[in-house]
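K.L.:
Here are the chains, one letter per residue:
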Amino acid sequence: MSVINTPPPVTNPTDIYGQPLSPEKHDNYLTAGKGFLSWALTLDHKRIGVMYTIGVLGSFLLGGIFAVLLRTELLLPGQTLPLLFTDTWTDQYNQIFTLHGAVMVFLFIIPAIPAIIGNFVLPLMLGAKDVAFPRLNLMSLYCWLGGGAFFVYVLASGGLDTGWTFYTPYSTTTNTSVAAATLGAFVLGFSSILTGVNFMASIHMLRPKGMTWFKMPLLLWALYATAAIQILATPVLAITLLLLTAERLIGVGIFDPNLGGDPVLYQHFFWFYSHPAVYIMILPALGVTSEIISSLSRKHIFGYKFIAFSSLAIAFFSFIVWGHHMFTSGQSAFFNALFSLLTMTVAIPSAIKVFNWLATIRKGSIRLDTPMLYALGFIWLFTIGGLTGLFLATLNTDIHFHDTYFVVAHFHYVMVGSVLWAFLGGMYYWFPKMFGRMYNEWHGRMAFAITFIGFNITFFFQFFAGSRGMPRRYADYPDEYLWYHFVSTIGTYILTIGLFYILWNWVDGLIRGRKAPANPWGSNSLEWHTPSPPPHHNFDYEPHGVDPYLYDHWRWDESIGGYVIKDHDPAHDGIEDVDPDHYDDEPPGSAPAKPVPAGA
Amino acid sequence: MTRLTALLLISALTSFGLLGVTPAALAEDAAAPATQPDAAAAPEGSTEPAAAAPEAAGGGEAAAPAEIDLIPDTDIGGNAFLPASAATYSDDVDWVFYFILWVSIVFFVIIGWLLVYYAWKYRQRDMNYVAHGHNHNTVLELTWSTLPGILLLLMFIWGFRGYLDMSTPPKDAYPVTAVAWQWSWAFEHPNGYADGDLHVPADTPILITNVSNDVTHSLYIPQFRIKKDVVPGRFNQTWFESPFNAETAVDFPVMEEDGVTPVLDEDGNPLVFSYNVYDLFCTEYCGRGHALMNKKVYVHTRESFEKWMAFSIDPTNVPPVQAGEKVWQQKCASCHSVDGTTEGGAPSWKDLWNNPNHMLTTGPIQVDEEYIYNSIVNPNLQIVAGYQVGGMAPWVLPDVELIALYEFMKSVSKYNTDPIARTKDDWKKLLPPVEETE
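Note that the protein sequences, when read in sequence, are chains A and B.
Here this note's numbering is used: position 157 in the first sequence is 157, and no number is missing along the way.
Here this note's numbering is used: position 169 in the second sequence is 169, and no number is missing along the way.
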């Protein structure tokens, strides 16, 4: 384990050469405007990212409270929780798991990485002042808040008990606030679409001189693929939810068999969005992991083009596999076979990424700091999540596992184990850049250990409960499954403790953390070429595109606890990129070629 | 504090484990003399241990002791991964499962080991060291793209072949219609008899046709590895054939109401059913009672199945009260309790019959045959105070079931003053005399 570096506290922020910032440059995006309106009406992508952070973490807390409640209800068979919301405990459980799912999916996982990390980092990675459409960006934040307001209304007005999937005809007959919840998801969809449009336009239009498509950081490829899904799939959800509302309020009969409709049609519509939505969640996580893996291994990413194209491949395949959610619904054997085969294909680009990450860390110089621990944890959990997906893609085994805890465990390994891990890793990784302060490394690692153990205890045993036949969404269960549920609930408590530990570590870092250097990790993508936190307009010079995975020209500076540019040439602020192939023929460990600063 | 809570939980767990589980099984045996084969699923066996459960569970858990063991147990056997397989094609499913499992384990061990090994071996020692090496290798990339591809193709092919077997019923299968509603099941046999549990003959292909009365449900029998959604407007079909397993089979002697005298079959021998029991779950979320929509599958020997059918098809084979209880279990119990709770969202039948204080939204009413009959055939006509219109759909019950239901409701009410028909002979008084046609 590498030594935890605790350099002397630095009182002044430094630039990328390790020099203290001149007083006139002390102003950063956090201080470049004061008062409520300077935040509420800001067009600054960084401030919007920070506001998303608060809102999305608040939603995560809310969804997490429901998670703890539902696991507590399942601690023992029969009623465990006192009645809090409703008259009957099974209704109460149904509301809790529905709100857990809906809040987590719509308010937390979908916006988490794109809206927080994407918003903050994407323009910086592009060396741009802001996203392509700053006003649209602010509007997407308000759409998110508006959608969130609907969910708050749902909480206050009779709850929701349809499951986050809103399956008809149950959702058209139950007397909970389905209409408000679907409208909320509808509005949140716009937030997602606007973010996608913005990112796609930014990547097309704002790349700096020298940044070709294949010189982009892989996070941008991932966000690009995500944006494509957001733009193409989310409108389908919007239409579906409108149809559902119409069905519920005026009985148009598209999904009601009594009026000539078909409930399975709803499932097709819903999963046509919601399966790609799974990749809206996971693709940015894959991108974040690629960044951290290469940067903290201090080694060029392996198989850049394969990773980049696998993101696009996943985005493409995500649109043609939705039917695997309906193997038991009565769709024809031909469709089932087709969707089973297509689903298998998704495994290949996912596997390519994992193998490339392994090849990247091989013979690297791996800095086992908190972001890297989360990235490595991500690979571990994503591998389990991905491999268990094979059981669900295969037809006859899926018939057995469909709608059991096996599925619950599988998608939590992917949605929580993978997405949340990448989100936490990304937050730790960019935390110094976002807030200009360092978190406490030791506590970060401890919190990782607790969350990792807690997560695996919670969800690993659910695979066995499910494969032995425990159906999902059950308020009660036969004693046969008692130990799986009991252990899982204990794991939830451990995970919860770990997550609050992380929150404490972040808040502690914000208040007491030492001032962050411009580049604590020695990364080379453009966001590390500006002080932490960045100035209001991101860069004091016009950055040039660089190969984001070449680390040779950064030197560790003990006095500031970060990396600085080796050859300090104040006359020039851009860094010319170096052909990565240049290194290919060198034996490992040979003296690195020194990049030539441009203009020298 | 945490330790105290853990101790509390564990003590609660053990007390449920000892008092909630075992006595329930014992109570089932004690209740077995009841003349119906599905007494194993009778809920009253479950209320006893709950009453005996100590307060160790603490405030929250003790709030509703009557709810413990809502779902009775079946020994599902098997290993850590899968329950014991009990249908002809489920071994195929298991085989594909173990194939994927081993592929997954091999891949996971390789990836996980490399991950940990590399992370440790190549950990950072010099902050300034920048690692160099190959950063692309097309041959390697293509290799690790195509090799898993071959394995994936194998999984697909074997999974699809198994699936075709599961979805192609033989022509001569015995047809059963599974009707699902919120929140129970009825399994209709070709002769018109419907039972709350699925009774089928062993070593016979069974064709299940799913029918939903309201929302989407799903029929799942884990030990057969089958699952099929019950979608309104569709008639989804599935099938299975379950071999008779003599090792796990149960012999169930049917008793008269006294609990001692065996019921005799036509040949004068004691009537004994012989079957394997499996769990049946609803796996598509369907609302409040979703978790309680569990039934049993009884796979009889053919001989036992015929005896069971002959016995069950005639409700007068059991005393009216028991027949009524069976009707209640099958058709009413998911909403109407008989223990005073109203968690099913409907008035409890405990102490309902002849209750002088029973209030409708319009005022008090006498609870008698007429009121109950009206409440079944036209439930929205008279609404109990505190409830709303539309909570229940109209039902049509045969006369014999209605009569049995009245007797059962009398038996759970302390206000009842009528004699209760507790013996089979009482049917003669209750049913209109059969008119001999010339």
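These are computed hints drawn from the structure, not numbers from a lab.
It should be emphasised that the depicted structure is a prediction, and the values quoted were computed from it without experimental measurement.
Even glycine gets a Cβ: it sits at the ideal position worked out from N, Cα and C.
Among the hints, erroneous ones may be present.
Covered stretches of chain B, as calculated for chain A (at least 3 residues, CB under 8 Å) [stated by the list, open to error]:
id: 1; stretch: 114-124
id: 2; stretch: 211-220
Pulled a few chain B residues facing chain A out of the computed Cβ check, cut under 7 Å [stated by the list, open to error]:
id: 3; residue: 77
id: 4; residue: 80
id: 5; residue: 82
id: 6; residue: 84
id: 7; residue: 102
id: 8; residue: 104
id: 9; residue: 127
id: 10; residue: 130
id: 11; residue: 136
id: 12; residue: 141
id: 13; residue: 160
id: 14; residue: 163
K.L.:
It remains to establish, for every hint, whether it holds in the given structure.
P.N.:
Going through the hints against the structure:
no.	hint	in the structure
1	114-124	holds (count 7)
2	211-220	holds (count 5)
3	77	violated (10 Å)
4	80	holds (6 Å)
5	82	holds (6 Å)
6	84	violated (10 Å)
7	102	violated (11 Å)
8	104	holds (4 Å)
9	127	holds (4 Å)
10	130	holds (5 Å)
11	136	holds (5 Å)
12	141	holds (5 Å)
13	160	holds (5 Å)
14	163	holds (4 Å)
This entry does not satisfy hints 3, 6, 7, going by the numbered hints stated previously.
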